[in-house]
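A.B. asks: Sequence:
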Amino acid sequence: MFRKLDSFLLCLLATVMLASVVPCRGVGVNIFNTLAIIMIANMFFLQGARLSRRAVMEGVTGWRVHLAIGLCTFALFPLLGVALHTLAPDLLEGPMWTGVLFLCCLPSTVQSSIAFTSIARGNVAAAICSATLSNILGIFLTPLLVGLVLARHAATGGGGGIGPIVLELLVPFIVGQVAQPWIGAWAHRHKKLLSFSDRGSILVVVYTAFSEAVVQGLWHRLPPMQLGRVALVDIVILAIVLGLTRLVGRMGNFERTDRVAILFCGSKKSLASGVPIASVLFSHADVGLIVLPVMIYHQIQLFACATLARRLGAQAEGAD
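Oh and the sequence shown: position 177 is 1624 in our numbering, straight run, nothing missing.
SDA-like, lysine to any residue: derived pairs with alpha carbons at most 25 Å apart:
#1 K1639 with V1571
#2 K1639 with M1486
#3 K1638 with V1622
#4 K1639 with F1479
#5 K1638 with Q1558
#6 K1639 with W1629
#7 K1639 with Q1558
#8 K1639 with I1621
#9 K1639 with P1619
Have a look at the derived ranges for each label pair, beta carbon to beta carbon:
#10 W1633 with R1757: 32 to 40 Å
#11 A1626 with R1676: 39 to 47 Å
#12 L1457 with K1638: 20 to 28 Å
It is worth saying that the hints were derived from the structure and are not from the lab.
A virtual CB, placed ideally from N, CA and C, is assigned to each residue, including glycine.
Based on the sequences and whatever the hints tell you, model everything.
C.D. replies: Structure, rendered in structure tokens:
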């Protein structure tokens, strides 16, 4: 698991370094922007094609678990982000706070939420349904939450409007759902190829965003101390959410397996969805800075939750 995670992290770091040394300029900017739009649309089209109608229907069952995870993802996180910004507005620069607040509005991850729930011997079926449902709802809810949160609590506003969201995210997803009966089986048979496509779209967007940010003077505007503070804020958010999701599981009298699913699905944020959505919602000059908190949180959550999942799995084996 760690080898796979680290390989993608290395690719992200290499992409950032490439954009820092050789940013795209001139005609290259238009080429990469167009390529990013095409790859994002393709990513959401394939997501729609992969998701069966049966999976959508199964998401309705086990509503208490799904409701708890949904509230953690789309209510607890944004409220926590707003509270931290209100308490310490000068801790981070404007674009960094925008990135943190944007992070709090994102849907949960799918792969890692399911993997960690399985390692911890939790309710994998509930994790699959909840994580999938979170990503579907995120296409609709994340732009709305970003608009509500950033309207009052961030220095950098959204830039894309509803048009690009519909054209680049919703329309491809719906078309993928319509085509699912014909290409769904093919999509499931070629998961590795499609995973490569998803990650490739993230790398293209990151390169394009960071290229523009570097040309705008990113590394002169962002001292190392700011990166450390962003990491600190991300760690605080993750620690608080992990504690509260465990509390929700216990106070709600959920079974142990359901508590594990709530813990891991309710504390994750999706880099795979976050980077493309950011490229649609924000101006190209700001995306490079805004996605930094998401990238940092992504890696922190992976290492922290992997350790926690192994511990909970060992405890479950000991109890058995």
